[in-house]
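Q: Counting from 1, position 206 in the sequence shown corresponds to residue 205 in numbering that gives the first Met the number 0; the numbering is continuous, with no gaps.
Check before you lean on any hint, since a few could be wrong.
[As the list claims (entries may be wrong)] Okay, derived cross-link-like pairs now, SDA-like style, lysine to any residue, Cα gap no bigger than 20 angstroms in a straight line:
no., residue 1, residue 2
1, Lys151, Ile72
2, Lys151, Leu162
3, Lys79, Phe177
4, Lys153, Ser62
5, Lys79, Ile166
6, Lys97, Ile19
7, Lys79, Lys97
8, Lys151, Ile76
9, Lys151, Leu82
10, Lys153, Lys52
11, Lys79, Phe95
12, Lys153, Val165
13, Lys79, Phe8
14, Lys52, Ile71
15, Lys151, Gly78
16, Lys79, Ile90
17, Lys97, Thr11
18, Lys52, Ile166
19, Lys97, Lys151
20, Lys153, Ile72
21, Lys97, Leu86
22, Lys52, Ile175
23, Lys52, Lys151
24, Lys52, Pro63
25, Lys97, Met23
26, Lys52, Ile76
27, Lys79, Thr11
28, Lys153, Leu86
29, Lys52, Gln37
30, Lys153, Ile76
31, Lys151, Ile71
I should point out that these hints are in silico values taken from the structure, not numbers from a laboratory.
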Amino acid sequence: MLNQKLTWFKLTRAGLISIILGSMIEAFTVINIHIPSQITEGGILGLTLLSYKTFGINPSILSPIMDVICIIIGINIFGKAFLRKTLLASILFAVFYKIFSLMGPILPNLYSYPLLAAIVGGIGIGLGCGLVVSQGGATGGDDALALVVSNKTKMNISYAYLLMDVIVLVMSLTYIPFTRLIYSLITTTVSSVLVGQFEINPSSPVEKTNLSI
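Kindly produce the complete structure, drawing on both the sequences and the hints.
A: Take a look at the structure:
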């Protein structure tokens, strides 16, 4: 039964474990590091927060819309296998996020140590994201868009992540103090560099775009 599911997702057992761990680490980092320390995000989440601060658009409405758009673009380029892995990773992330939210933060609050929070948070997000992306999946629109940019421009995946995040963070200067934004740039840089250290699975969209059902 498990082997049939793995075949449908085009994953090995190791690949499934990688996506589960990656989704869990990302959710844990957001709940325990980013939210308590108020380290802002780049990418899709950062853009939705910027839209909320600038135009009053509810993030709960705009964020899923933008995620879906980015994932659809990814599907058109990478095929249905990408959709299946992304759905799996997204559901796992949502489940772990809910679990860790109910548990509450279990790590010390690093708000007073923003540099440490930025580095630790960047490592957590980079590790979690790298584990998922290495298997050809994505936990949301950010990952999907980075994979598309990397595929189309032949840009290293770490640079694709960094480019998108930096653009959004610079735009966020309209409502975020510069001193606080510096730490967001640090965590973004750390996570982007770490993602780039992962070897992309040969069946993943970055290496092979002609995926069958």
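Q: Look at each hint and say if it fits the structure.
A: Tested hints:
1. For the proposed pair Lys151 and Ile72, the alpha carbon gap of about 12 angstroms is at most 20 angstroms, so the pair holds.
2. Taking the CA atoms of Lys151 and Leu162, the gap is about 14 angstroms. The hint holds against a cut of 20 angstroms.
3. Restraint check: the Cα-Cα separation between Lys79 and Phe177 comes to about 41 angstroms, which exceeds 20 angstroms; the hinted pair is violated.
4. Between Lys153 and Ser62, the direct Cα distance comes to roughly 27 angstroms. Violation of the 20 angstroms bound is thereby established for this hinted pair.
5. Distance restraint check for Lys79 and Ile166: the Cα-Cα separation of roughly 29 angstroms exceeds the 20 angstroms cut-off, and the hinted pair is therefore not satisfied.
6. With a C-alpha separation of about 15 angstroms, the suggested pair Lys97 and Ile19 falls inside the 20 angstroms cut-off, and the hint holds.
7. Proximity of Lys79 to Lys97 is assessed by CA-CA distance (about 27 angstroms); at most 20 angstroms being required, the pair is judged violated.
8. This hinted pair checks out: Lys151 and Ile76 have alpha carbons roughly 9 angstroms apart, not beyond 20 angstroms.
9. In summary, the hint linking Lys151 to Leu82 is supported, as the alpha carbons are separated by about 18 angstroms, within the 20 angstroms threshold.
10. Between Lys153 and Lys52, the direct Cα distance comes to roughly 34 angstroms. Violation of the 20 angstroms bound is thereby established for this hinted pair.
11. Between Lys79 and Phe95 the alpha-carbon distance is near 24 angstroms, which puts this suggested pair outside the 20 angstroms criterion.
12. For the hint linking Lys153 to Val165, the alpha-carbon distance of about 19 angstroms falls within 20 angstroms, and the restraint holds.
13. A hinted pair counts as satisfied when its Cα atoms are at most 20 angstroms apart, and Lys79 with Phe8 qualifies at roughly 9 angstroms.
14. Of the supplied pair hints, the one linking Lys52 and Ile71 is violated, its CA atoms being roughly 27 angstroms apart against a limit of 20 angstroms.
15. A hinted pair counts as satisfied when its Cα atoms are at most 20 angstroms apart, and Lys151 with Gly78 qualifies at roughly 15 angstroms.
16. This hinted pair checks out: Lys79 and Ile90 have alpha carbons roughly 17 angstroms apart, not beyond 20 angstroms.
17. With a C-alpha separation of about 27 angstroms, the suggested pairing of Lys97 with Thr11 is violated against the 20 angstroms cut-off.
18. For the given pair, Lys52 sits about 17 angstroms from Ile166 by alpha-carbon distance, which is consistent with the 20 angstroms threshold.
19. With a C-alpha separation of about 34 angstroms, the suggested pair Lys97 and Lys151 falls outside the 20 angstroms cut-off, and the hint is violated.
20. A threshold of 20 angstroms between alpha carbons decides the hint, and for Lys153 with Ile72 the separation of about 17 angstroms falls inside it, so the pair holds.
21. For the given pair, Lys97 sits about 17 angstroms from Leu86 by alpha-carbon distance, which is consistent with the 20 angstroms threshold.
22. This hinted pair checks out: Lys52 and Ile175 have alpha carbons roughly 10 angstroms apart, not beyond 20 angstroms.
23. A threshold of 20 angstroms between alpha carbons decides the hint, and for Lys52 with Lys151 the separation of about 32 angstroms lies outside it, so the pair is violated.
24. Between Lys52 and Pro63 the alpha-carbon distance is near 17 angstroms, which keeps this suggested pair within the 20 angstroms criterion.
25. Note on Lys97 and Met23: the hinted pairing holds, with a Cα-Cα distance of about 11 angstroms set against a maximum of 20 angstroms.
26. A hinted pair counts as satisfied when its Cα atoms are at most 20 angstroms apart, and Lys52 with Ile76 does not qualify at roughly 33 angstroms.
27. A C-alpha spacing of about 17 angstroms is found between Lys79 and Thr11, which places the hinted pair at or below 20 angstroms, so the restraint holds.
28. A threshold of 20 angstroms between alpha carbons decides the hint, and for Lys153 with Leu86 the separation of about 25 angstroms lies outside it, so the pair is violated.
29. With a C-alpha separation of about 16 angstroms, the suggested pairing of Lys52 with Gln37 holds against the 20 angstroms cut-off.
30. Note on Lys153 and Ile76: the hinted pairing holds, with a Cα-Cα distance of about 14 angstroms set against a maximum of 20 angstroms.
31. Restraint check for Lys151 and Ile71: the C-alpha separation of about 15 angstroms stays at or below 20 angstroms, so the hint holds.
Consistency note: the structure conflicts with the earlier hints numbered 3, 4, 5, 7, 10, 11, 14, 17, 19, 23, 26, 28.
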